[in-house]
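Undergrad: Those protein sequence lines, which keep their order, are chains A and B.
Quick note on our numbering: the first sequence kicks off at -2 and runs consecutively.
Quick note on our numbering: the second sequence kicks off at 5 and runs consecutively.
Be aware that a few hints might be false.
[What the hints assert, rightly or not] One-sided excerpt, in silico: chain B residues whose CB lies under 10 Å from chain A:
#: 1; residue: V154
#: 2; residue: R193
#: 3; residue: R210
#: 4; residue: V222
#: 5; residue: Y291
Think of the hints as simulated: they come from the structure by calculation, not from any bench.
Just so you know, these numbers come straight off a predicted model, no measurement behind them.
Glycine is no exception: its CB is placed at the ideal position from the N, C-alpha and C atoms.
As a plain string of letters, each chain reads:
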Amino acid sequence: MHNNNKNLSSSQVIASAMLSDEKINFRQYLTSAEMKAIEHEVLIMENREAAGIEALKVVQQHRGWISDDSLVAIAQCLNISSAQLEGVATFYNLIYRQKVGRYVIHVCNSISCHLNDYENILLTISSHLGISYGQTTEDGLFTLLSNACLGNCDKSPAMMINDKHYHSLTPDSVIAILNGLSLNVGQYYD
Amino acid sequence: MIDPNWLTSALAQAKTKPLTHLVNLEQPLNIEDYICAGGYCGARKAVTELTPKEVLALVSDSGLKGRGGAGFPTGMKWSCVPSLQDKSLAMNATGNSYLICNGDEMEPGTFKDRYLLEGVPHQLIESMIIASYTLSANKAFIFLRGEYHVAAKRLQQAIDQAYENNWLGERIQGTGYRLDLYIHTSAGRYICGEETALINALEGKRANPRAKPPFPQVSGLFGKPTVVNNVETLSNLPHILKHGGEWFKNLSPNSDPGTKIYAACGQVKNPGLWELPMGVTIRELLYEHAGGMKSGMQLKGLLPGGASTDFLVPEHLDTPMDFDSIGKAGSRLGTGGLIVLGDKHCPVAMVLNLLQFFAQESCGWCTPCRDGTAWAVEILTRIEHGQGTSKDLTQLAELCDFMWLGKTHCALAPGAVEPLKSAMRYFKDDFEQHIKQGCCTYHQNNLLSAKYISKVANNG
Ligand SMILES: Cc1cc2nc3c(=O)[nH]c(=O)nc-3n(C[C@H](O)[C@H](O)[C@H](O)COP(=O)(O)O)c2cc1C
Ligand code: SF4
Ligand code: FES
């Protein structure tokens, strides 16, 4: 991103300058497992840029989220400007540009869930965990986010926590699910 | 090992429910079992017996129309690919084009593709071999929405099995044809389902739609001829190859051929999905298959094919669910999934929820959509909370014109207008009541019943 700034518009230059971190050397920053997974994706596509989303997902898989440093490293690795990669990263709901909890709760807020009162489910989660949309619990366990239709409309209301889908939710079942996850983590650390 | 009883009953439906008869959500068929159940016959016929042009002719004659929402004839779409126009290229695979399966499925109220992706992944792979062969594509992608983790896992397993069994890779089944198939999982953005935005997303660019022309069939992914087809559209191919175009036409009693995976969700008793002959009536779908309205509710209105279609109302109950009939009734078949609204729920609140979705998912490229959807949300919020004026209704109507076809870069904004404009027509009284009474009358009812329930609960 150092010398190709001349191809960018002025606002992109500013964005890119804000993110540019000369200290980062992607070969040192990315682990060999991450690099290997990214190169695997690159091989499939016609050029390095095309593996952008896959590369972001690889690093997020390993580190939980995409920090500014990660973004710069991935952009260098793909040979594109970090401003350009930032434009892609921030476009998507499932790429986290802020630190998130161990469990990211995505509550469906689309139409079928609306017609079946997802608002009540959201309220239950929110008051049970003491967080609202975009927030993370103090213990770093849960982050609460919204999600467009999860494709579970025949079993609404629905939500997704990390990779797992939950459906036909009631206030009771939601609390049971959350308690179950908190408990699991306890065992995990034991 | 496949359960012989399950297989017998599944095969009994092979010719009436071709798309779904082999669906098994618990444990989808592995490649041996799928082949045992008649799978890969269509692909075998295509690659070993027919030329690409012959497959194209078969698909064109069948009258198959796209199931991704727009209903564009599949054969016609394919025939725009240069290799199918140029006789010298038609016989051998040139590797100069791509097939992309659109599995983004983010239209609210739509869940049919998920059923096929999770329930019978080999059927989609077989379909993609047929389509890729026809288009002379040596590389194909399944563009899958990021939330469909189970589908991603099952598809990858099925792809691995297909490679092991020489259904993918070099010299497929001893022919000279080669195909590589990859899954791209997206990361949660509705606009990626629009085919040109999808192509940008696959190229690692920000997923704004592209201007057409050039159409993707001429210049798409990495500048090469590209066809984008929906999961359900493609899934018809093995059966058309196997049983022929006439059979496909005869599946449906009217002029739109084939079966359709219909669905119903919202305020119905038994939400779900059903593969039925194209053109069942809304009444049959709603009252026979979905079990009618939830108890205590009457039908107020419904969206016939996902969030971006116009409302229909009880007077339309006898309309057949096919592209032409639903079009004549003033809406679109879209994805064929009913979203059903009962009379106890506020239609303004429903439309507000829909517009919130479109405002959030607008890619922001063009002003009518970026500003118009957000503005509509603001006005609808005001009306729903009893702070609307009659000027707001005029303004909403103006916004509908402002965002209509031809004024925006892609179909997202007109899609947002469809439920809004039709709601303002059919539920005019409700909009006016909100303004006149300075509150949401439905919400009042809900609050009353909530109080009533808590009182009963306390007493009990
Ligand atoms: C905003 C928007 C979102 C779309 N989302 C999808 C989608 O998720 N899946 C899909 O198959 N088609 C979607 N489409 C339609 C596609 O652009 C395209 O028409 C379709 O994939 C073509 O497939 P077909 O010819 O098999 O129907 C969308 C269109 C628009 C305008
Ligand atoms: S209509 Fe909306 S979604 Fe489509 S290009 Fe314009 S801003 Fe983007
Ligand atoms: S609307 Fe919530 S899962 Fe589809």
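Undergrad: Evaluate each hint against the coordinates.
TA: Hint-by-hint comparison with the structure:
no.: 1; hint: V154; in the structure: holds (8 Å)
no.: 2; hint: R193; in the structure: holds (5 Å)
no.: 3; hint: R210; in the structure: holds (5 Å)
no.: 4; hint: V222; in the structure: violated (18 Å)
no.: 5; hint: Y291; in the structure: violated (17 Å)
Against the hints set out earlier in the document, violations occur for numbers 4 and 5.
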